[in-house]
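S.K.: Heads up: the protein sequence lines correspond to chains A and B, in order.
At position 111 of the first sequence the residue is numbered 111 (the working numbering), and the sequence of numbers has no breaks.
At position 153 of the second sequence the residue is numbered 153 (the working numbering), and the sequence of numbers has no breaks.
Take these hints with a grain of salt, some might be off.
What the hints assert, rightly or not - Think about it this way: if two alpha-carbon atoms lie no more than 20 Å apart in a straight line, the pair counts; the simulated DMTMM-like pairs of lysine to aspartate or glutamate are: (1) Lys55/B - Asp239/B; (2) Lys102/B - Glu275/A; (3) Lys25/A - Glu71/A; (4) Lys124/B - Glu446/A; (5) Lys55/B - Glu392/A; (6) Lys55/B - Glu50/A; (7) Lys312/A - Asp373/A; (8) Lys399/A - Asp416/B; (9) Lys262/B - Asp180/B; (10) Lys228/B - Asp180/B; (11) Lys440/B - Asp416/B; (12) Lys102/B - Glu392/A; (13) Lys30/B - Asp82/A; (14) Lys312/A - Asp273/A.
FYI, nobody ran anything at the bench for these hints, they're computed from the structure.
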Amino acid sequence: MVKQAEIKENPPCTTQKSLSNYLWKDHPDENKWADCTHCGMCLESCPTYELTGQEQHSPRGRVHLIKSVAEGKIAVNEQFMDPVYTCLDCRACTTACPANVDVGGLIEEARGQIRQSMPLTGAKGAVSKLFLNGIFPHQNRLNSLGGALKLYQKSGMQKVIRKSKLINVMPKHLVEMEAIMPKVHMPVKKKYKNESVIPAKGTPKGDVALLTGCVMDVMFSDINEATINVLTRNGSNVRIPQNQTCCGALHVHAGDRDSGRKLAKQNIKAFSDAEKIIVNAAGCGCMMKEYAELFREVEPEWHDRAVAFSEKVEDVSKYLYDTGYEKPKASINKRITYHDACHLAHGQNVREEPRDILLKIPGVEMVHMPNADRCCGSAGIYNITNPEMAGEVLESKMKNVPDDVDMISMGNPGCMLQMAMGVQKYGRNQKIVHTVQLLDWAYQKERAEEEENHGSEGN
Amino acid sequence: MAVKGIKTKDKHIHGLAKLVGGQRAILYHKEDLVAYDCDGFTIHKHLPRAVVFPKNTEEVAKCVKYCATHNLPFLARGAGTGLSGGAVPLHNEVIISLVRMKNLISVDLENRRAVVEPGFVNLKLTNSIADRGYYYAPDPSSQYCCTIGGNVAENAGGAHCLKYGVTTNHILGLEVVLPDGEIIELGQNGIPDAPGYDLLGLMTGSEGTLGIVTKITVRILKNPEAKKTVLAYFDNVTDGSQAVSDIISAGIVPAALEMMDKTAIEGVEAAAFPVGHPKDIAAVLLIEVDGIAVGIDEQITQILDVCTARNVREVRAAKNEEERARWWANRKTGFGAMGAISPDYLVQDGVIPRSRLPEVLERIEQISEETGLRIANIFHAGDGNLHPLVLFDARIPGQTEKAIEAGSACLQACADVGGTITGEHGVGIEKREEMRFVFKDEEIIAQTNIREVFNPGNLLNAGKLFPTPGRCGEVKKEMKEALLAQ
């Protein structure tokens, strides 16, 4: 069944006399697929298998194809590219897999091979290049785009977003909160440019560095601001390293591993002094925890630094949960459901921590969302490159969103945009919020109430 | 006439595509077909000619008729989790995939039955009726993803079949497309025990060689009032096996009585759902009793006593539902978990009289020593259904062949003590030759004669279930050649 006479452990593909059709360095890791026994436990976890019923669009099918290329049975071509790029990279299969097969890692490595063998052309290529190389790594260009609306106009999603005016993303209708909502539109990286540290309120418990992110800081700078607020409020000195850059997740998802490495190296350097690196975007956190994978074969001298870097990376909800945070005194009387971002739940195994934060806010009534950890279809720029499939995935997600809730909370900006589109498209009226935003609003409301009480006492 | 979007000169691809609604319901590129070259049994790989995805019975019948008319071999496939190669296209078959026929058609609680399409996933049935207090009993370990259509084809079992019976005990009616395209119904209206020959029984477990099931009426059960689960650790396998016999002899019929040996424990503990079994124990028993609440505690006490009498190291009941669920996840993902300690495995499926458990396990250990391959044992001990998992590395030349030999020797050991070669995984292509351990040539011919009645041209799933009588040596040679050709 195996054509090669003998395979040594993890040989560099280029030097091996084999039938492998992977031509470039950094090829899919044989040790990853060796764990797969083809049992099929992953099938039902996969959104694209659910929609197509086709084996090549299932996790084990993709692993099987990736392995078949290495065995020389099939070539790296358009037909192989389709299943590999139709994967949402949602990692639900890694949660389902009894043998912990790293399907996501294999997919990303295979994409690296495909991108080098078959550079993108046409419309897809143009869109990909615009976002990945033209925008995300360049803070000033991102800033000048002025937020989500313009960014999405470029991608042709304008119509949907225009109707929603993006304002659905923010709980505008909550009058009581609006009064205290931070009106921040300037990216926090720019805002705190001249402050080496944003000091903790009260006695400092520790020092953290914040990844502000590329898209996050432009479209959702208020979430970054909220993150800084809850961190300082709970005793952390927050630093914002100015040399940091985009995490590279979208590049790696797209198969552009060289750009991914470049960005990874810049971040490893930028955060070299940090004790903890706090991330509020699930996709970025997951990528930053996997930097070492990028240096498995290429520039291996960075591998150990990447491992050390990754150990310091933590999602904001997990950090708060682990180090303790103050329960807010003010109430937010809302019915809220929680959506697990794939790269939090499946990618980082962070599930209970954000729910705990929501439950600790007085007045919040948590409503269970069935299949909460099912992908929403955002998947980085998947909703731009594979709009049809992303739309179908979103449709099944929206069917699971309970009708009678006021808000959907989550921990990833990509999901927030996608779910906002879902709310708009299916005529729902939920507001989309980031978990730390809710905590921050509760704190702010608490302060406002205290001030009011002081004020009335004074009278 | 060419079908839009289909890029091949093969006229049959166009012909079939027309029947199922065009290019989105057919696969024919080699790169896509490779994903269909095997099912859960990965030792034999063969490419199909095409894969079609019908939406309903009529489309299935049309595809079948087309294949019959044009003399194209074909077979049906569900989730492709079968462990004996029943869905492997040995003859370049057209695969009729039933996964898009995945609706729950109706639930009739009053009469305790449900009607499903063949692509409906086993566990989804229980999930759909659990809130009303009902469930579907057959629970193969792959129930998270396997389809009920596939369960019917293989007469699938599961951990709880000790008390509740295998799939055939839960089938009340079937709609079947025969190999000539005719649609028939068996067991109409879901009334059990119809007069005449038991065709439902014949069809269930026929491994896709007699027809393609397109609609299934199943029995559903009320949730048991109470349920308790016990975990018992033994320092030697014989004590564990004796405890199994003693529990049944004491008159208790547990809902499930599962056992894993040391190597199996190493696998599940290294994988995704560990529960912290001690590494140095020889066997763990997972025992579940259910039924009316009164009497459950008494049964548990009896079980604890039996285990103590058999030198159990530690025995305890699950503290809560969460712990119980963890124990089961650990057990039910056991096969896939072997990936964590071995690149490949081959699972066997022998059945033996319970009382012969210790000696057969000893024999399996010998086989492991003789072949130099590790063998893990995960099994439904209560009904004597063994699953020796032969661990090997297909990348090492000769190991695959050795694993096949070891698996076959395990089945011989089962047959030798008066057991048989499959409990629930089916014969498929894997155990064709081993059918000779339990059937004489004439008995095999008698059975292939039955197949002839339904499937006279043998276009449907040929080469499965039976060896070719009188050609034993040739078949073995063929298998070996097929293996080398891959």
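S.K.: All hints are to be evaluated individually against the structure, with a verdict given for each.
M.R.: Hints, verified against the model:
1. Lys55/B - Asp239/B: The hint is violated at about 52 Å.
2. Lys102/B - Glu275/A: violated (51 Å)
3. Lys25/A - Glu71/A: Since the Cα atoms of lysine 25/A and glutamate 71/A sit roughly 16 Å apart, the hinted pair holds (cutoff 20 Å).
4. Lys124/B - Glu446/A: violated (45 Å)
5. Lys55/B - Glu392/A: holds (18 Å)
6. Lys55/B - Glu50/A: holds (14 Å)
7. Lys312/A - Asp373/A: violated (25 Å)
8. Lys399/A - Asp416/B: Roughly 55 Å between the alpha carbons, so the hint for lysine 399/A and aspartate 416/B is violated.
9. Lys262/B - Asp180/B: violated (50 Å)
10. Lys228/B - Asp180/B: Outside the cut-off at roughly 49 Å; violated.
11. Lys440/B - Asp416/B: At roughly 15 Å apart (the allowed maximum being 20 Å), aspartate 416/B and lysine 440/B satisfy the hint.
12. Lys102/B - Glu392/A: With a Cα-Cα distance of about 17 Å, the restraint between lysine 102/B and glutamate 392/A holds, given a limit of 20 Å.
13. Lys30/B - Asp82/A: With a Cα-Cα distance of about 13 Å, the restraint between lysine 30/B and aspartate 82/A holds, given a limit of 20 Å.
14. Lys312/A - Asp273/A: holds (11 Å)
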